[in-house]
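Please build the complete structure, drawing on both the sequences and the hints.
Each chain, letter by letter, is given below.
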Amino acid sequence: MADPTPDPARESDVPARREHGSGASVARPEPARQEEPRSGFLADLFAPVAGFGVSFKTQFRKVATEEYPEEKRPTAPRYHGRHQLNRHPDGLEKCVGCELCAWACPADAILVEGADNDDTPLAEGGRGRFSPGERYGRVYQINYLRCIFCGLCIEACPTRALTMTNEYEMADHTRADLIFEKHQLLAPLAPGMVPAPHPMVEGTDEADYYRGAVSGPTPAQEAYVRDREAAAEGAARSSGATESLLDPGDGSPRPAGHHATHRTASPATSAAAATSAATNGGDRR
Amino acid sequence: MGIEEKLPSGVMTAKVSTVAGHLLKTSMWPATFGLACCAIEMMAVGTPDYDIARFGMERFAATPRQADLMIVAGRVSQKMAPVVRQVYDQMPEPKWVLSMGVCASSGGMFNNYAIVQGVDHIVPVDVYLPGCPPRPQMLLNAILTLHEQITREPHIGDRRKIAQAVERAAMEATPTHAMKGLLA
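Which chain is which? The protein sequence lines are P and B, in order. Sequential numbering of the first sequence, starting at 42, is according to the numbering used here. Sequential numbering of the second sequence, starting at 2, is according to the numbering used here.
Derived from the structure by calculation, the hints contain no laboratory data. There could be a bad hint or two in this list.
[Said to hold, decoys possible] The calculated lysine to aspartate or glutamate pairs, modelled on DMTMM-like cross-linking and capped at a C-alpha distance of 25 angstroms, are:
#1 P:Lys113 to B:Glu59
#2 B:Lys96 to P:Asp213
#3 P:Lys103 to B:Asp52
#4 B:Lys96 to P:Glu140
#5 P:Lys113 to B:Glu149
#6 B:Lys162 to B:Glu173
#7 B:Lys96 to P:Asp157
#8 P:Lys113 to B:Asp52
#9 P:Lys98 to B:Glu149
#10 P:Lys113 to B:Glu173
#11 P:Lys98 to B:Asp50
#12 P:Lys103 to B:Asp50
What follows is the structure, given as structure tokens:
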């Protein structure tokens with residue numbers, strides 16, 4: 042409460058304090074009683090419930106809550122979400138299996154195993170070409186229960202093969218399910234792309250790919266993929282296997298041959314996941 | 002036990018179990034239990050901005066005896082491990098565990114002697130949530146994942162027997178560190 046009459050003891054600062062210190066009592070004039078402002082009848086009536094007014098007013102305010110599962114607030118455009126392995130415009134993978142991301146990872150969440158691209162025709166036992174250049178990432182696993190989404194892998198990637206999406210809904214029931222494999226991380230085929238393995242665009246080398254000289258698959262590549270699919274389908278039919286007709290799950294009409302190659306590339310998803318779980322952690326004794 | 006024994010097998014139990022699941026999931030109280038930085042995001046979920054009360058979690062129970070859900074938010078140190086287990090043991094059945102963030106789920110980037118490499122070494126975990134720390138929406142998503150699980154689970158039966166069976170299965174399961182397989 043503001044005191045209208047100035048305190049004499051405070052005005053003459055030093056002597057007053059000395060007096061206080063010596064214990065002498067100073068006769069101070071009684072400050073004039075300030076008249077309390079008279080409140081109206083209505084104010085008196087509603088004073089006890091005035092606090093509810095805040096609650097009442099708040100009812101008509103805009104709700105600040107994000108109604109999460111129904112309407113999701115968009116993340117920042119550069120939010121660090123789930124990773125994605127990108128492709129060149131003709132469908133070849135950008136990852137060259139250099140393992141720089143795995144080395145950069147502070148949490149040891151990434152496992153990469155490279156392999157050589159093989160231009161030998163598939164009929165002669167070739168394993169196929171998955172990326173332009175010499176090597177490709179045969180095995181690519183990210184353990185999302187180790188990954189701290191720092192983005193150092195993205196900075197380390199020399200070919201921009203690894204980037205991050207804004208997707209963040211990844212909760213799951215088992216640890217093995219949260220180790221994402223290459224087929225889960227690979228970007229879906231954009232319209233016009235043909236799935237690897239297939240040869241590079243004729244007359245180009247890998248530098249042309251990085252310069253952006255390749256804008257899409259050529260008819261020769263498309264024919265190659267068609268032949269490979271047909272061959273794989275024939276082989277599947279002759280062996281009576283039906284599993285090659287499984288839906289790839291990314292909406293694209295991915296051919297049977299692609300599955301066959303992928304299955305040889307990464308056998309036993311769960312076993313591999315379990316292994317990397319074993320290598321990545323859980324060594325508590 | 003009740004009316005479900007007088008009806009053809011499966012008919013009533015399935016319905017009752019589904020109803021029980023819906024009741025359980027819509028009034029689940031989490032234990033107040035933060036271990037590290039993830040706890041800050043967990044608190045953020047309690048604010049009006051995200052409003053965990055929309056999912057029936059009106060408040061964080063101040064004692065494990067009133068809680069149904071343990072959100073392990075943060076790294077579990079070896080020294081804290083017995084305490085975490087005690088909190089879990091004090092919670093009444095039915096109870097669920099949500100491992101929030103990478104440190105609780107697997108040790109995260111702290112692969113060292115001081116940190117338990119995954120809280121599933123000491124308590125059975127229902128939902129793992131990646132992120133360092135997970136954003137509040139991720140926690141809400143994990144809670145919804147848990148809700149789905151609760152609706153699917155059977156809820157009719159002897160709680161003690163169910164708990165014992167779950168514990169036995171957890172003891173017999175291959176521990177994560179012993180899982181061996183082809184390296185890709």
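Looking at the structure, which of the earlier hints fail to hold? 4, 7, 9, 10
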